[in-house]
Each structure stands twice: as structure tokens, then as C-alpha cells.
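With the sequences and hints as input, model every part of the structure.
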Amino acid sequence: MVYQPDRSQYPQQRADGSLDIDLESGKYLKLWQGPQHPGITGNMSLELTVCGDEVVEAKTHVGYLHRGFEKLMERRTFIQCFPIVCRICVPEPDFNEYCYAAAVEELAGIQPPERSDWIRTLILEMGRINSYLMFLGGQAGSLGLGVVAQWSTYVRDLMLDRFEELTGARIYHMFILPGGVRGDLPEGFQQRMEETLKEIERTLGDIEDVMFCNAVFKKRTVGLGYIDPALFNPYGVTGPNARAGGVAKDVRRDQPYLIYSQLAFEPIVGQDSDVFARADVRRRDLLLSIDLIRQILAGMPKKGPVMAKIPNVLHWKIPPGETYIRGECSRGEYGYYLVTDGSGYPRRVNVRGPSYTHAVALLERLIVHVNISDVAGLMVSLHTYPPEIER
Amino acid sequence: MSIQDLLSPFTAWKNLFRDPVTIQDPFNDRPGSERYRGFHKNDVASCIGCGTCETICQNAAIDMVVGEGEPTGAGDSGLRPRIDYGRCCWCALCVDICMTGSLTMSNAYTWVERDPDAYRFTPGVDKKSWDNAPLGYQRAESHRLAPTQRVTMGEVAPERRIGSFEEIVQGYGVEQARLEADRCVSCGLCIATCPTHMSIPDYIQSVRDGDYEKGLALLYETNPFSNVCGRVCTHKCETVCAAGHEGEPVAIRWLKRHIVDQLPVEKYRRIIGDPKPPTGKRVAVIGAGPAGLTAAFDLAKMGHSVVVYEAREKPGGMFRYGIPEYRLPYDAMDIDIEIITSMGVEIRCHNRVGTDITMEQLHQEYDAVLLSIGLHLGRSTRIAGSDHKGVAKAVDLLRDIADGKSIDVPKQCVVIGGGNVAMDIARSMARLQKSTQGEIRVTVTALEDLDHFLADPEEVKECGEEGIAILDSRGPQEICLDDQGQIIGLRTWGVESIFDEQGRFAPRYNPEDEQIHPADRVIEAIGQQSDVTLLGEALTEKLAWNRGRIAVDGQGRTSEGWLWAAGDCVNGPDVVHAVADGHRVATDIDLMLQKKR
Numbered sequence: 001m002v003y004q005p006d007r008s009q010y011p012q013q014r015a016d017g018s019l020d021i022d023l024e025s026g027k028y029l030k031l032w033q034g035p036q037h038p039g040i041t042g043n044m045s046l047e048l049t050v051c052g053d054e055v056v057e058a059k060t061h062v063g064y065l066h067r068g069f070e071k072l073m074e075r076r077t078f079i080q081c082f083p084i085v086c087r088i089c090v091p092e093p094d095f096n097e098y099c100y101a102a103a104v105e106e107l108a109g110i111q112p113p114e115r116s117d118w119i120r121t122l123i124l125e126m127g128r129i130n131s132y133l134m135f136l137g138g139q140a141g142s143l144g145l146g147v148v149a150q151w152s153t154y155v156r157d158l159m160l161d162r163f164e165e166l167t168g169a170r171i172y173h174m175f176i177l178p179g180g181v182r183g184d185l186p187e188g189f190q191q192r193m194e195e196t197l198k199e200i201e202r203t204l205g206d207i208e209d210v211m212f213c214n215a216v217f218k219k220r221t222v223g224l225g226y227i228d229p230a231l232f233n234p235y236g237v238t239g240p241n242a243r244a245g246g247v248a249k250d251v252r253r254d255q256p257y258l259i260y261s262q263l264a265f266e267p268i269v270g271q272d273s274d275v276f277a278r279a280d281v282r283r284r285d286l287l288l289s290i291d292l293i294r295q296i297l298a299g300m301p302k303k304g305p306v307m308a309k310i311p312n313v314l315h316w317k318i319p320p321g322e323t324y325i326r327g328e329c330s331r332g333e334y335g336y337y338l339v340t341d342g343s344g345y346p347r348r349v350n351v352r353g354p355s356y357t358h359a360v361a362l363l364e365r366l367i368v369h370v371n372i373s374d375v376a377g378l379m380v381s382l383h384t385y386p387p388e389i390e391r
Numbered sequence: 001m002s003i004q005d006l007l008s009p010f011t012a013w014k015n016l017f018r019d020p021v022t023i024q025d026p027f028n029d030r031p032g033s034e035r036y037r038g039f040h041k042n043d044v045a046s047c048i049g050c051g052t053c054e055t056i057c058q059n060a061a062i063d064m065v066v067g068e069g070e071p072t073g074a075g076d077s078g079l080r081p082r083i084d085y086g087r088c089c090w091c092a093l094c095v096d097i098c099m100t101g102s103l104t105m106s107n108a109y110t111w112v113e114r115d116p117d118a119y120r121f122t123p124g125v126d127k128k129s130w131d132n133a134p135l136g137y138q139r140a141e142s143h144r145l146a147p148t149q150r151v152t153m154g155e156v157a158p159e160r161r162i163g164s165f166e167e168i169v170q171g172y173g174v175e176q177a178r179l180e181a182d183r184c185v186s187c188g189l190c191i192a193t194c195p196t197h198m199s200i201p202d203y204i205q206s207v208r209d210g211d212y213e214k215g216l217a218l219l220y221e222t223n224p225f226s227n228v229c230g231r232v233c234t235h236k237c238e239t240v241c242a243a244g245h246e247g248e249p250v251a252i253r254w255l256k257r258h259i260v261d262q263l264p265v266e267k268y269r270r271i272i273g274d275p276k277p278p279t280g281k282r283v284a285v286i287g288a289g290p291a292g293l294t295a296a297f298d299l300a301k302m303g304h305s306v307v308v309y310e311a312r313e314k315p316g317g318m319f320r321y322g323i324p325e326y327r328l329p330y331d332a333m334d335i336d337i338e339i340i341t342s343m344g345v346e347i348r349c350h351n352r353v354g355t356d357i358t359m360e361q362l363h364q365e366y367d368a369v370l371l372s373i374g375l376h377l378g379r380s381t382r383i384a385g386s387d388h389k390g391v392a393k394a395v396d397l398l399r400d401i402a403d404g405k406s407i408d409v410p411k412q413c414v415v416i417g418g419g420n421v422a423m424d425i426a427r428s429m430a431r432l433q434k435s436t437q438g439e440i441r442v443t444v445t446a447l448e449d450l451d452h453f454l455a456d457p458e459e460v461k462e463c464g465e466e467g468i469a470i471l472d473s474r475g476p477q478e479i480c481l482d483d484q485g486q487i488i489g490l491r492t493w494g495v496e497s498i499f500d501e502q503g504r505f506a507p508r509y510n511p512e513d514e515q516i517h518p519a520d521r522v523i524e525a526i527g528q529q530s531d532v533t534l535l536g537e538a539l540t541e542k543l544a545w546n547r548g549r550i551a552v553d554g555q556g557r558t559s560e561g562w563l564w565a566a567g568d569c570v571n572g573p574d575v576v577h578a579v580a581d582g583h584r585v586a587t588d589i590d591l592m593l594q595k596k597r
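Here the protein sequences come in this chain order: F and U.
Using our numbering, the first residue of the first sequence is number 1, and each one after it goes up by one.
Using our numbering, the first residue of the second sequence is number 1, and each one after it goes up by one.
Take these hints with a grain of salt, some might be off.
Said to hold, decoys possible - Mimicking DSSO-like on lysine-lysine, the simulated pairs with C-alpha atoms at most 27 Å apart in a straight line are:
id	chain 1	residue 1	chain 2	residue 2
1	F	198	U	314
2	U	314	U	411
3	U	214	U	267
4	U	595	U	276
5	F	219	U	405
6	U	434	U	411
7	U	389	F	218
8	U	276	F	317
Read the hints as simulated data drawn from the structure, not as lab findings.
Note that the coordinates shown come from a computational prediction; the quantities given were computed from them, not determined experimentally.
The following block contains the structure:
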């Protein structure tokens, strides 16, 4: 459903641009979706104005998950920020760890060992798989296909087992820290990872059968939430949301970081720029991640240090400077802007979470003219994690 | 849309016949992985209570509390980390930073309690089921959050230094010192151990910050002999340094020296400040060594008028006349002494109490008298031949060298003793031999085996580098003489044990393991004692004594109310202990003088 520039059938606009909605008329209804709602990703609210079962306006309300991470970090030493950053994004925490560590390393002039770069890449791809598995369950669930979430959660749990044995934790891994990573791969890791990847591939085949080759799912999603590629740049759309519209934006290829330049891959792109296309791009991107993990485990140097020598972290001061480190997470471009002032604390840490652009401005625009029962499916299709919005 | 899209979803039904993938806990145990970050464990016996875990914890989940049943001692605060699982985020930075590796985590998954307070516990002290779990998170060998290796100190090469009394240790440059200072974790165990309780972490921080003026002010708060102690302190602080448990201790002594090296003497006085207005009280100090001069410095700062009586030509006491110049250059000690005199302390050299002025006169003329006369008499082994004129005491020879007297350098000499004084005289003799006869023929024989030498390990190492032969576990038996009565060597037996079962000194020898070490001179360096003849018979009688040393109370006051004693003559040889003693008696003397007012 294409965005309608012709607003004649919608409420009149006032001089300040807001809609002239007369709730007393009985024509319109204000409806809150969220903050606790199965159709909302994370805790945020949509204040919907509906006319019949059609949304005529939506306002996003965030703040339910605000924990003030960026401000907290200004009062923590550089090492103390390390356990905090992962909490900015629960399903894919590792990007925070990587971007923060890389930013600190750049400003402090530390070169992490090569092997740690391989392990970091491995972890980021493992995290991407987990994030996509969660998405698939959510996307299917938002349209009533509950079984997919059960399957994807099962294989995601297998990946969490791999995370547990590699990093020592299942959700908040806290493994990538300034200077390198905390430890080497455990004995026999490659083989167990291969078994997990095979199980994920098998499950993805099942998911393809029941979700992507599903008349109901297609009927509900094809054409829903179309994003005009012309909006990508003005709205800061990145990642699968942009790639599903045929724009091959992928930081991994556009500005390779870690060891991505040594891996063979092409960004996954779709064409239709609707909910179905976005889900499909993510499914294929997941398969790409599986391939990348195999490439990483095969190509990784067998020996070598995983941690650089770093100064005493208890009173680590970093010279004045600023940097922006970015990477391609499962939702798009993830970035950390770090400013240091020569003290033992970051002067400013700004997190560029892709959800900020996707879940607020873009969603408010796409949601107009959407049937109320499709709001959840549309929102999930943008793959947003509210903690990123309100760091 | 196709017919396949209608039928395909029904393939989900095939899962009806699959086994469930869930694990039913607690009926099926699912152990955590090998490095899972579960619940904390602490090996309380190796934990030193340094508190770095508490410092690094960004959740403030760790409090250092008194560990029940954990003895407090040197290098152990007796505190143990108590962890609040209402705050902990299991990041394990506490495990990573732990200086001894005592803090680890088990791979236990679940812990169920009814009492919420139970989740605030002291690992290791409060016994838990997972205390002996073999698996769980431990810091990887290579994973260190603070550098473990000391920045190498520049030293004059053995072949060059042996030719002169040039100072061996060259001192850190600014960047080297900053790197070394960076290693300190500011736990403060060193403060508790240092006899004079210097603010070590704070002055190390001032090195990191490059704020040397602040550093000097901190040094002078507790020690007016930082030039001296920065070179020859026995550095008990480094022995207990937290960094020394899994790496090398922070070079605290060299950092202290670095601070004083960075500032010109002219700045010292402004940083230290001026003395208080005169009180009119007069104090006499006997002996211008570290204890006496420290007390004099403190008392002068308090506004009292202090006169120091020194028998020798120059002030400095044991550190001028007992420590060779290559370890402690005279210029360095002169700086410290100059600052002390600039505070108004009058030092009367060549003024031997007992000869030039009597104790009774001092008692009459001054409000208080401090005795800090050091240990200038060498002890004798009393073996056969030890009264020969060719047998010398190390302290006498060191004093003669310091005084610039010409020494009759032996062609070959043997030193008896394994302490720092033995090393000092052996190395001094080696230098004199090198400059007079070109070759070094010095042998050190010690009762102790090498692992239990009383001398600092670096002293022993440097002796070896300089070509001095060190023979351990050798007990002296006789000075061997030839027909003309000239010394030809020292006869020793191998040592089987030094102490008896009660721990008393009672060496046992193996006579079959006999050696004769050729020498034309034997030097005894087996300990020193005070020359207390200055007291005079009456006072000696009156004073209380403790095993040959003057007995003092906790404040350094003798049994005579007007007389205090401090330093080596009371405590045995140790510069920093003497400094601490000086502070203690100065405080007590000041208290007494205030009461008198």
C-alpha cells in the first residue's frame, strides 16, 4: 500500500500541521498499542488514531526502557563502561561491545591482535543469526503464525549454547573488551558450531515451508509497509530495510571492518521493499551469516594472542579525541561516537542505533493508511529494538 | 500465490512425532559450560583483601568486609569481598582484575533461597555448595587488565661500575616512571606495611599525573629522607605489593626517587612550607642519622629549637658511614640534610657527647634529649684468630672509606656475613682492588644458604655480576695464620643447620666439609651494636635495658623521663624504620613540651 500523498479523505490539517481530529464526532478513535503488547517490539507505545479499522495517524512514545546508558558512561571509567554497553541492545548485544571497544582502541592507540579480530567477527555473525531468529519468530507471530517462534527459539537456544561455551554467558556476553577478546575458542568449538549451523539450516528450511511459502503470510505481507527507496536517505534507512528495496547498503562491504575484507560475500538485496521482502532478505542474510561463520572458522589463524597489552584499566586515561565506529548489525548501521577529553572517563558516548530512525519517524509515516490488524506486522518488519532508541 | 503456498504450511505437522527439545530442570541437570560465569568463589587463603575487585565493580556490588576468621597481617588487609547479587551483573571484571587470582566463578546455574539477604554473601567465607566446583570462569593466562612486568631500571654495566664508586641505579625517565606508576592499583597495602606509612598510592598517582610538586609534598608529610629512602630503603612496601603476587611488584622505591629527582632543591622549601613560630623549647638530639634528623625536622617544624650533636665530621649517621657511595651518593643525602637544616635545625659536627659535652649537661640545658646513635660497633665472630690486626669489622672499613681515609687494600680478602653490610663491604673492597691492583679477589662466606640470604636479592645478584665469589652455608672456624703470624686465609665448615628446634641460633657444622679460603685480610660483617659509652656509668645504671639495647616504651621514651631513644640503636638496622621512629619520638617529645608550657 503506497503512501497516499492525497490527503483529501483524511482529517484536515491545522495551521501547525497537526491533524484536526474531532474525537467527539465519533468518527475517530484514539487507541494505545503498547507499551505492553505482543505486537510491539520491546516496550514502546503507539498512540493510534483510527477511523474504522484504518490508522489515520500514529505517534510513537518511547522512554519505557530509558536507563540513561549514555549518561551513565560519562561517570564510569573506560573499563567500567564495558559491562554496560551490551545492555543497550538485548537480542544482539555484541555490536555495542565491538563498537565501544574499537572506539576506545582507536583513541587510545591500541592495536588488538589479529586473532581477536577473527573471533570478534565470529561473535558478531553469531549475534546476527540470533537476532534474525528472534525476528523471524516475531514476524510470524505478529501475523498469527505462533509455531515459527517456537522453532526459531529452539535453534536460537543452540546458538546461545555456543555463546555460553565461548564467552561464558548466554545473553550479555561481555566478551569483546578494549584490547581484544576475553578468551580463545574452546576445544572442539568448530565441530559443535557446525552441528548448530546445520540444525539452523534445517529449521530454516522448515520455516521457509510454513512461513514464506504460506498463502496467509503472503496475503498479509506482500505490499504491506512499502518504503519508497527515495525515502531511504532522507529517513536514514539502513540495513535489511534498505536492502529489501534494492539498495545494497551494507557496512560490511561498503566500509569493511574487522576481517570482512577477507571474507567472500555479497550483500543480500530484495526488490519489493515491503514486509515480505524484508523478511525474506533477513532469512537470506541469516543464511549468509551461516556461510560467513564457516568461512571464519576455516580461515582463522590457528594460534596467536587474543588480547593486546593494555594499560592498567583502573586509572586508564585516554588522550583527547573523537571517533565514530560503525558496523552492520542485523537492523542496519550501528555506530558509536566517542569523545574523550584526556580524563579517565568518556566525555560523551553517543550510540547510533538503527532503531531510532526506523521505529520513530519511518514508522509514523508508514503506519498511515494501514489496517489496524497489520500494525504489529508492520512494526516488527522494521526490526526495531527500543532500548537503542532511548539509550 | 500457488497451490504450494496453501499446502506447504501443513508440513509443520511432521513435528508432532519429534521428541521435545526442552530440558526439564531440575529433573534433568544441565551443567553450565566450562567457562560459564556463574556464582563467585574466593580462595580466601590467597586473597589479600586488596579491594581491586571493589574498585573495578561498576555496579558497586562489592564491599570489602572483615572476613571472619581471616588473620590480618603484612600484605593482607583481612578484608574479603562481599558480593551483592541484587547489584552484580556477572561481568567478571572483578575476576579479571584480581591481583592474586583468588576470585573466580563457578559454573553453577541456579541458586534458590527464601531469604533475599542470602544473596549478599562473602564468597569463600560463607560456604556454598559450588565452592569446590572445578569448572567455571577463570581469568585466562594472557588476559590481564594491568601490566605485570616492571619497567626495567637502567643500571651502569658491571664492567664499568666496578672501576669506581659511581651510582649504579640511574633512575627512571619521565615516561618510564609514568609507565611504572601506571601499574599501581592503589590498594594501599603498602601504606599499612611501610614503617612510616607513606602515602604511596597518592605519590605514585602524582607521578602518573606528572604533578611532582604534589608528590614531593606527600613525601615530606611522612619522610624527610626521600632522597635516601628513594635509593636504599628496604622497601617493605614492595614485598607486600599486590602486583607482586602475579607479576613483579611496583618499583615504589624508584618512583619515590623519581619524584625527588624531578625537582630542583630550591623548590623544596616552598613546597614543604615554613616552621611554626618558635615555642622557646629546646631539644638536643644525639646522632645526626635518619632517626635523629627526622625527629629534629619534625620538632623544628613544630617550632622547637633543635640542636643535633654529631661525633663525626659530617651528618648522616649510618647511611653516610654505613652505605657505600655507589648505592647512596653523598650528594643525594646532602639534599635531604640541607632541607632539614634549612628548617632551623642546628647540627654540631665533631661534637662527641660524653667527651665534648656530657649527658648530664644536655639534661640540664635542654627540655628533652633524644638518643639516636645508631649501630657503629661491629660484632666479632670470636673465632680463633679473630683478634688479629688483619681482621677488620665491616662498619669500621665502610666508615673509613666514607671519611676518605686511605685504606690498605688487601690483595685477597674474605668477608664473613650474608647481610647487606657484607655485600656493601665486599663490593667496596672489590672496587678498591680494581682501582689499585686491577683484579678482584673477594670471597663472601655466609652461614645462610642462598635462598635465605639476609641481603637483598639484587645485592647478591650484583655482587655476582661484579666478580665477587659468594659461598653460602659456610661457617667460619678459624683465621689461618702462617709462621710469621700473617693471615693466610679463613677456615670454614659446611653448615648443616643454623637454628635449633626451638628456633634459637645454634649452628651445626659438618667438619668433614672443610675449606680454607685464602686471604690476607678477613672482614667480619655479622652484625653491629651501639657504642653506649657516652651515657656514662651512672646513667647506664639508671636506664632500663632490653637485651643489650636501651629499653623504650611505645613512644620511644626511655625509663628516664627526659630521654628518648630512637633508630637503629633501639630497633636494629633499617633506614625507614629509623625515620618512622624519629616521627614517633618527635610527636611524643612535642606532647611533653606542650604539657610543660
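Hinted pair, alpha-carbon criterion (27 Å max): residue 276 of chain U, residue 317 of chain F. Please report holds or violated. Since the Cα atoms of residue 276 of chain U and residue 317 of chain F sit roughly 40 Å apart, the hinted pair is violated (cutoff 27 Å).
Take a quick look at whether residue 434 of chain U and residue 411 of chain U sit within 27 Å of each other, Cα to Cα. holds, 10 Å
Does residue 276 of chain U lie within 27 Å of residue 595 of chain U when you go C-alpha to C-alpha? Distance of about 18 Å is within 27 Å: holds.
Is residue 314 of chain U close enough to residue 411 of chain U, meaning Cα to Cα at most 27 Å? violated, 30 Å
Is the straight-line distance between the alpha-carbon of residue 198 of chain F and that of residue 314 of chain U 27 Å or less? Measuring from Cα to Cα gives roughly 86 Å; hence the hint is violated.
27 Å limit on alpha-carbon distance, applied to hinted pair residue 214 of chain U and residue 267 of chain U: With a Cα-Cα distance of about 12 Å, the restraint between residue 214 of chain U and residue 267 of chain U holds, given a limit of 27 Å.
For the pair supplied as a hint, residue 219 of chain F and residue 405 of chain U, is the alpha-carbon distance within the 27 Å limit? Between residue 219 of chain F and residue 405 of chain U the Cα gap is close to 108 Å, so the pair fails against 27 Å, i.e. violated.
Taking only the CA atoms, is the gap from residue 389 of chain U to residue 218 of chain F under or equal to 27 Å? Outside the cut-off at roughly 112 Å; violated.
The structure shown violates the earlier hints numbered 1, 2, 5, 7, 8.
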